[in-house]
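Those protein sequences? They're chains E and C, same order as listed. According to the numbering used here, the stretch in the first sequence is residues 1 to 113, in order. According to the numbering used here, the stretch in the second sequence is residues 1 to 112, in order.
I should point out that these hints are in silico values taken from the structure, not numbers from a laboratory. There's no promise every hint is true.
Here are the simulated DSBU-like pairs of lysine-lysine, each with C-alpha atoms no more than 30 Å apart in a straight line [stated by the list, open to error]:
#, chain 1, residue 1, chain 2, residue 2
1, E, 9, C, 42
2, C, 57, E, 9
3, C, 57, E, 40
4, C, 107, E, 53
5, E, 38, E, 53
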Amino acid sequence: DTEVTQTPKHLVMGMTNKKSLKCEQHMGHRAMYWYKQKAKKPPELMFVYSYEKLSINESVPSRFSPECPNSSLLNLHLHALQPEDSALYLCASSQGTGANVLTFGAGSRLTVL
Amino acid sequence: EDQVTQSPEALRLQEGESSSLNCSYTVSGLRGLFWYRQDPGKGPEFLFTLYSAGEEKEKERLKATLTKKESFLHITAPKPEDSATYLCAVQAGSGGYQKVTFGTGTKLQVIP
Chain E
1 DTEVTQTPKH LVMGMTNKKS LKCEQHMGHR AMYWYKQKAK KPPELMFVYS
51 YEKLSINESV PSRFSPECPN SSLLNLHLHA LQPEDSALYL CASSQGTGAN
101 VLTFGAGSRL TVL
Chain C
1 EDQVTQSPEA LRLQEGESSS LNCSYTVSGL RGLFWYRQDP GKGPEFLFTL
51 YSAGEEKEKE RLKATLTKKE SFLHITAPKP EDSATYLCAV QAGSGGYQKV
101 TFGTGTKLQV IP
């Protein structure tokens, strides 16, 4: 079983909906990440929360907004998405932000109609 | 800009037929090179970390090696359960957050 838990596993939403993806880890890791992965493409970094500081990939549109309630939880709020945002959204964590191994969750498959 | 190129894009092997996957990289200040395995519809699973040229790591039928410009993932006598996409990633830079750049992966199919 993965040590990074993502919910929901599947999400279908309309372009006017507001939804959230959730991620939780209990490994004491201090950095958490959101990645987006399209079919046959590598994971693409969206956000990093490390030691309560947020780093953003500047190409990510504002219809995606991360929230880190505490060091174990990371949410991704979705609003007014487009069909091209349909993808596998992966959460990951690492001990820090040096050359550390990423532990990935199983992903949330998002479909935007 | 950091670049990671993997080849081949896809590889089909007979069970027991050994081969190698390649990961070429161009980065400034390599901190680590990682290999991950990804099954369809799932998150990547960590395999190895390599930090410096000449380093080698082994796990069951897999062996990863690193030079100053590329890394190889050698698969010895593969089995059907080794079928997956293998991703190479590099982490580079200094201070603060060090970005991880993924390659596009090699999709391996092992036929019984």
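Is residue 57/C within 30 Å of residue 9/E, Cα to Cα? Violated, at about 33 Å.
Has the given pair, residue 57/C with residue 40/E, been kept, meaning a C-alpha gap of at most 30 Å? holds, 27 Å
For residue 9/E and residue 42/C, compute the direct alpha-carbon distance and say whether it is at most 30 Å. holds, 10 Å
30 Å Cα cutoff - pair residue 38/E, residue 53/E: holds, 27 Å
Take the C-alpha atoms of residue 107/C and residue 53/E, compute the straight-line distance between them, and say whether it is at most 30 Å. violated, 35 Å
The structure fails to meet hints 2 and 4 from the earlier list, while all remaining hints are met.
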